[in-house]
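> Could you build the full structure based on these sequences and the hints that come with them?
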Amino acid sequence: MAACKYCGQETGGSMFCQNCGAKVEAQPEVQPAAFTPDPFPSQPQSYNTIPTQPSFYTPGGAGGLLAGNIIAIILGVICCCFTYGISLIAMILGIIGTVYASKVKSSLNADEERGNRRISRILMIIAYVVLLLGVVAMVALVLAASDGIGGFKEMYESIYESVSISMAEAGK
Amino acid sequence: MTEERVRKPFIFRNYVRWPLMFCMVAVVLLGLAYIFFIDPEKSPGATMSCFTYACTGLYCPGCGDTRALHALTHGHVIRAFDYNLLFPFIVIILAWYYLVGLTTLLFRRRVMWIPQSIPKWGAIGIGVVVVLFTVMRNIPVWPFSILAP
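Order-wise, the sequence lines are chains H and X.
Counting in this note's numbering, the first sequence runs from 1 upward without gaps.
Counting in this note's numbering, the second sequence runs from 1 upward without gaps.
It is worth saying that the hints were derived from the structure and are not from the lab.
Quantities reported herein were computed from a predicted structural model and do not represent experimental measurements.
Be aware that one or more of the hints could be misleading.
[To be verified] Straight-line alpha carbon distances no greater than 30 angstroms define the calculated BS3-like cross-link-like pairs of lysine-lysine that follow:
1. H/LYS103 with X/LYS120
2. H/LYS105 with X/LYS42
3. H/LYS105 with X/LYS8
4. X/LYS42 with H/LYS103
5. H/LYS5 with H/LYS23
[What the hints assert, rightly or not] Which chain H residues stay away from chain X? Per the calculated CB distances, all over 12 angstroms, these:
6. TYR6
7. CYS79
8. SER102
9. LYS105
10. LEU108
[What the hints assert, rightly or not] Here are the computed distance ranges between Cβ atoms for each label pair:
11. X/VAL135 with H/LEU143: 26 to 36 angstroms
12. X/ALA33 with H/ARG114: 39 to 49 angstroms
13. H/GLU161 with X/ARG108: 49 to 59 angstroms
14. X/ILE11 with H/GLU161: 44 to 54 angstroms
15. H/VAL139 with X/ASN14: 30 to 40 angstroms
16. H/ARG118 with X/TRP96: 25 to 35 angstroms
17. H/ARG114 with X/GLY75: 29 to 39 angstroms
18. X/HIS76 with H/THR58: 46 to 56 angstroms
19. X/VAL28 with H/GLU161: 42 to 52 angstroms
20. X/VAL77 with H/ASN109: 19 to 29 angstroms
21. H/GLY60 with X/ILE139: 38 to 48 angstroms
22. X/LEU20 with H/ALA137: 21 to 31 angstroms
23. X/VAL135 with H/THR58: 40 to 50 angstroms
For each residue, glycine too, the CB sits at the ideal point set by N, CA and C.
Written out as C-alpha cells, the structure is:
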C-alpha cells in the first residue's frame, strides 16, 4: 500500500493523502535503489567453471641446429690432435648447444622456442669459432717458434723423436 | 595476372649449389683416395701426427683416427676399432650428415631423415664417454691398454 511522500502516512489507495491532503499521483516516483552486491557474501563463490581448452603450440623443427651442434662435437674430438685439447672446449659447447636444440621441439610457446633456438645457435657458432681459432693458433705458434714451414717440420720431428726416446726409456 | 616468383634460399641457387656439391664430393673423394694409398704407419711423414702426444706423451681422443680411416678404406673394420674405438661411430654419424647435406643440395629439399632432438642424458653422455675413453686409453694396464692406438 503506497505511503505519502510528504507526511509518510499510508494513503489507502486513494488519490489524496488522508492526513495532509497531498495528491498521491503528483508525488515524484521513487527510483528503486541500485543493486549493490554484498562484498562479503555469506556463501562461498562457486568454482565450478568450465575448464578452458588447453592451447597446443607446435614448435618448428630444429634438425639443422642439432646437426650443426653434433658436428661441432665430432670435430672437437677429431681436432684434439692438433689443437692441444683446445677443441675439447668446442666439444663441450656443442654438447650444451645440442641440449638447447633438443629443447626446441618441446617448447610450450613461441618465446621459449625462440630463446632455445637463439642459445643453441650462439653456442654452435662459438664452438666453430673456437675450433678455427685453435687450429690457427696452433699453426701460428709452431710457425713463430720455427723458421717457417721447413723449420716447423724439423722442430716437430725433433720433438716427436725426443718424446719417443723418453717414452721408450721409461718403458724399460 | 603475373605470378610472384618465390626467391630460392641462397644455398639452393644453381650458381651456389652446383659448385658446392662439386667441392663436397671432390674433397671427400680426394681425401679418401689419399688415405687409401698412403699407409700412416709406413709413411709417418705423409700424414699429420698428434701434436698432443708428441708434446705431452698422452693419447688424445682423436689419436689413431688416420690409421683407423686407412683401415676402413681397405675394409678392415676390426682393425679400425683397434686403432680408435670411437672412430667408426664418428664416421657413421659424419657420413650420414654428409649424405643429408648432399641430397638436400641435390633435390633442393631435405629427403633424408635427421633427428630433431636427442635426450639430455644422451648429449651429456657423449661428453662423459669421450672423457672416460681419453682417461682409460692412457692407463698402461691391461685391459685399458687395449684402447691405446
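> The structure should be examined with respect to each hint, and the outcome stated for every one.
Structure-based check of all given hints:
| no. | hint | in the structure |
| --- | --- | --- |
| 1 | H/LYS103 with X/LYS120 | 9 angstroms, holds |
| 2 | H/LYS105 with X/LYS42 | 49 angstroms, violated |
| 3 | H/LYS105 with X/LYS8 | 26 angstroms, holds |
| 4 | X/LYS42 with H/LYS103 | 47 angstroms, violated |
| 5 | H/LYS5 with H/LYS23 | 10 angstroms, holds |
| 6 | TYR6 | 82 angstroms, holds |
| 7 | CYS79 | 7 angstroms, violated |
| 8 | SER102 | 4 angstroms, violated |
| 9 | LYS105 | 4 angstroms, violated |
| 10 | LEU108 | 15 angstroms, holds |
| 11 | X/VAL135 with H/LEU143: 26 to 36 angstroms | 32 angstroms, holds |
| 12 | X/ALA33 with H/ARG114: 39 to 49 angstroms | 45 angstroms, holds |
| 13 | H/GLU161 with X/ARG108: 49 to 59 angstroms | 53 angstroms, holds |
| 14 | X/ILE11 with H/GLU161: 44 to 54 angstroms | 47 angstroms, holds |
| 15 | H/VAL139 with X/ASN14: 30 to 40 angstroms | 35 angstroms, holds |
| 16 | H/ARG118 with X/TRP96: 25 to 35 angstroms | 27 angstroms, holds |
| 17 | H/ARG114 with X/GLY75: 29 to 39 angstroms | 47 angstroms, violated |
| 18 | X/HIS76 with H/THR58: 46 to 56 angstroms | 47 angstroms, holds |
| 19 | X/VAL28 with H/GLU161: 42 to 52 angstroms | 33 angstroms, violated |
| 20 | X/VAL77 with H/ASN109: 19 to 29 angstroms | 47 angstroms, violated |
| 21 | H/GLY60 with X/ILE139: 38 to 48 angstroms | 46 angstroms, holds |
| 22 | X/LEU20 with H/ALA137: 21 to 31 angstroms | 28 angstroms, holds |
| 23 | X/VAL135 with H/THR58: 40 to 50 angstroms | 43 angstroms, holds |
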